[in-house]
Each structure stands twice: as structure tokens, then as C-alpha cells.
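Engineer: Please put together the full structure from these sequences, using the hints given.
Chains as they are written, first to last, in the working numbering: chain H, 19 to 285; chain B, 19 to 285.
Honestly, the hints are just simulated from the structure, not real lab data. Among these hints, one or two may not hold up.
Which copy? The list can't say, so a pair holds if one copy fits it or any two copies do.
[Stated by the list, open to error] Derived BS3-like pairs (lysine-lysine); straight-line CA-CA distance at most 27 Å: (1) K261 x K110; (2) K232 x K65; (3) K232 x K110; (4) K131 x K110; (5) K65 x K261; (6) K280 x K141; (7) K65 x K28; (8) K162 x K245; (9) K110 x K162; (10) K280 x K246; (11) K131 x K230.
2 protein chains.
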Amino acid sequence: MILLKIGGGKTINMDFIAEDLSVLIHHGEQVVVVHGASATRDEVAQKLGIPTRTIISPSGVSSVYTDDDAIDVFLMTYAGLVNKRIVVTLQKHGINAMGLSGVDGRLWEAQRKDVIYAAEGGKVRLITGNLTGKVEKVNNALLKLLLDNSYVPVVCPPAISFDNQIVNTDNDFATAVMIEALGIKEMVVLFEAPGMLKDVHDDTSIIPEIEKEKISSYLEFAAGRMKKKLLGSQKAFERGVQKIYWGDGRIEHPVLNAIAGKGTVIQ
Amino acid sequence: MILLKIGGGKTINMDFIAEDLSVLIHHGEQVVVVHGASATRDEVAQKLGIPTRTIISPSGVSSVYTDDDAIDVFLMTYAGLVNKRIVVTLQKHGINAMGLSGVDGRLWEAQRKDVIYAAEGGKVRLITGNLTGKVEKVNNALLKLLLDNSYVPVVCPPAISFDNQIVNTDNDFATAVMIEALGIKEMVVLFEAPGMLKDVHDDTSIIPEIEKEKISSYLEFAAGRMKKKLLGSQKAFERGVQKIYWGDGRIEHPVLNAIAGKGTVIQ
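Structural biologist: The following block contains the structure:
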């Protein structure tokens, strides 16, 4: 079983991805897809006049401030627009895709964080009413039910909290919990770059292999989004994944190329 | 098995509905929910600067003109925002709800209408590129799989066409096809009125019972939305339903009151 994680960038080519998945599935591989939608979310939020607000934790990690309006935009773009467009593209390529957000059938259950702290202008501020949470439980039975009946689950945030709130959640962490629940050993991560680059301005400077024990040593060189991806991979290894393929989601054969080691392989 | 159809109005009270469904389900009843989201769709479309456009067929039936932008808004509001908010409200009341649009697992498959005709300023105009279709096939196996495993399917448009386009579809007609596929005998329809009214300005003028053979004779008295609901009920009877309860979705015990005959019963 392979978990495919698709980034939320606008130039990811879903048709190319679907072609490859179709090959894998017809060879008997089971696939679970998890996707982002950050670019679409930011765009729609902007148009609706409720732009995405970022907060920085005292330790320097950025996250999205999530009030009820932000949850609405989240539902519209992740669970609605992007999820269903992906489902239909997969269907077009003969894959029986089925979209699910974390709230459907309590797929991703999270512990809500009542209060969080944010660093603002040199001060630490307490923020309440932030609808975020950490996924602690996955509805494994539901995923298996779908997989056993030949559906390809296409999963996205938000999650549902134990006290039944819709909560924004760290997609990487949720994915890692799901990896553990399903016993997944291989993950393919596609985004808008050829892999981990030595020089972010030089697409040919791909680092072909990273030892999983050395992820931390790459953290200091990594730019914002790459840093997040490295941390995400670290979480997946902690939950039992054995091999992670990073690859370019914009080119032909994005999945097969990644598995062939043409991006960055972490193991 | 009961099919519950919830209108797309803003004053429908989902908590009240969920309380009743919870009672029915704990008494062993199986429930499939179908919902609209027209008010939210129009609101979001307006905010995004792509307001909902209505076209009138030469025979006088109005429908929504659906281009790619309109499909985006459709996905955002039906499959995203409203569907997931309903799922979570049901979850809050202990119901294991699972949201599905018509594209998920090809739940609602439709024949696309390539061209349609619209009456405009006394002329009939040919309209192309309108993404609509008529549902002809329901993925019954998927619904049964979910129901047999104690999930409550919460279903909404759009549908997927046989040629893999996302298409807007007549919700009533799709519901009727689903009723036939599942062999459903009873349907509850909740909206923003106490039932079918003799006088639309007098909420106490409820017509308690309508014979299904006489639906046509009520059509001439019915205002726009009620006319559509009458036609929808007619379609459901054609597909095998035996009893339809119309009731007020804004009051306490909306489902139980409707079943107790406090709205309009059609049979």
C-alpha cells in the first residue's frame, strides 16, 4: 500500500498523477491519496475578503489562524473544490476515487487546542477561539472498508475534534497517524519542485538521497516550505514508514519518476 | 429505510433535525440524507463576483446556468461548506454521518445535456457549454456498503457525467432515481414552511393531506418553490415511494412532527 501526498500548489498536474496511479492500481497496488489546497484556499479567502492570517508560535513555527470564517473557507476549498476536482480527474482515468474530509465518518479525530500562544512584536500573546487540533485517532475501519471494495480514498483536512468541532490540523501529522494506522511502508510526496535542492534557485541541484537519521541536519539549509516537508517526513518515519519519495508534481510521470528515484529518496 | 431531503434555506435548523434522526436511528431505522445549499451557493457566488445566473426553458422551467465557474461555486458550497457542516452537526448528535457528493465513487452518474434552449426576450436561444445532466445511474452498492456498516450517507449534488464532467443536476430527479435504486418507501421533505399552504401568507392554512394522483391539480396554485417540490414528489412516486411527509425544517422535532402528519402528507 502506498500513500500519495499531493501538495496544495496551483501548478501540480493532476492528469499526470492520475495516469501513473492508474498504472499502479491496475498492477494491484492499493493507494490512499492525501492532498492540500493551500493556494486555492488563500485565493478564495482573499476574494471573499477574509484573507488567511498567519500566526507565529514562540518557537518560530508558523500556522494559520483559524476562526469560524477560516473554517468555512477551509471546507469550501479543501473538502469542496479541490477534493472533488481531484476525485473527478482520477475517475476520468478509470480510478474509482472517493473523496473524504477528516470529518466524514470521523476519519480524523483530533484533540482540540483550546488556547495557543503567538509571538507578536516581541511579545507572547495568548490566543483563544483558534479552531485547531492534533489528530490522535484515525477511522481505520472506514479506510479499509473503502480499500477492500476497490475505492481509492482521497483524503483532506479539516479534522473533527473529540468534542465535535471542525478543526484545522497539521496535515503532515494527520498523515503520519494514518500511516501508522494502516501500516503503510512507502509514501510518495509530490510538490512544485524537482526534489530537495542544494540550491533553491538551481533545479538541477537535486539531492538524490537523504538518510532518515540525518533529516535534522538538512533542516537548517531548508527554506520555509521545504523545512515543513522535512519535518513532515520525520513524523512519517516516527510512525513506521520506511521509504519516502519526493518528486515533482508538475511533470509527466510524477509518481513513477519519484519511485524510480529521480527526485529525492529518504530512507 | 427513510430518505430525508433537507432544503437549502438558511433558517433550517440542523440541530433539531439531528436530534430527531438520532431517535429514529437508535430505533433501528436506516436513513439516507439528501440536502440542498441554494441559499449558501447564491450568497458565496455573489461575494465571489460570479452571481448565479438563471435561465428559463421555452416551457417556462427555470434552472441555473452552469459554466465552469458556477461548478466551482457548486463544489465549494454543496460538497464543501454545507455538506460538511451537516455531517458534523449529525456527528455531534451521535450519528455516524459520512458526506458524499454525486461524484464520489460515481454515486450519481448523469447523461450530460450538450445543448439546452433558453427563452430570452421572446426568442429561443441555443446555449452551449452548460454543464448540466440528468442522473440515470446510482452507485447503489456504495450506499449499501455504508448503510450496512452503520454510516449515514449525507448526499448532495453535483453529479458526474458518463464522460467524466462535473455536472449540475436536478436534485429531485436524482433523489427519485436513488429512491428506486434503494427501494425506499418513505420520504421526509423539510423546508422553510409548515407544509403545503392554501394561502402562502397564512402559516395556519396547511393542507394536511394530498392524494398523490391529485398532485397535478395543486400545481397551478403553487408558488415557484412549492411547484418545484410538488414536481419533485411526483417524480419520487413514479420511482416507487409510497408516502411523502412535508414538514417545517425550522421548528423543534421537524422530522417526528412531519411523520406524525403535522405538515402535509402525500400518499
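Engineer: Look at each hint and say if it fits the structure.
Structural biologist: A quick look at each hint next to the structure:
Taking the shortest alpha-carbon separations for K261 and K110, neither the intra-copy value of 29 Å nor the inter-copy value of 38 Å comes in at or below 27 Å. In the homo-oligomer, the alpha carbons of K232 and K65 never lie at most 27 Å apart, since the shortest distance is 42 Å inside one protomer and 48 Å across protomers. Taking CA atoms no more than 27 Å apart as the test, K232 paired with K110 passes in neither setting, with 40 Å inside one copy and 44 Å between copies. Taking CA atoms no more than 27 Å apart as the test, K131 paired with K110 passes between copies only; the shortest distance there is 18 Å, against 40 Å inside one copy.
In the homo-oligomer, the alpha carbons of K65 and K261 never lie at most 27 Å apart, since the shortest distance is 40 Å inside one protomer and 45 Å across protomers. Taking identical chains as interchangeable, the C-alpha atoms of K280 and K141 are never at most 27 Å apart, the minima being 45 Å within one chain and 59 Å between chains. Both within a single protomer and between protomers do K65 and K28 lie at most 27 Å apart by alpha-carbon distance, with minima of 16 Å and 22 Å respectively. With identical chains, the CA atoms of K162 and K245 are never at most 27 Å apart, being 32 Å at best within one copy and 44 Å at best between copies.
For the homomeric pair K110 and K162, the shortest alpha-carbon distances inside one copy (23 Å) and between copies (24 Å) are both at most 27 Å. Taking identical chains as interchangeable, the C-alpha atoms of K280 and K246 lie at most 27 Å apart only when both belong to the same chain, with a minimum of 21 Å there against 57 Å between chains. Within a single copy, K131 and K230 get their C-alpha atoms no closer than 30 Å, and across copies no closer than 53 Å, so neither meets the 27 Å cut-off.
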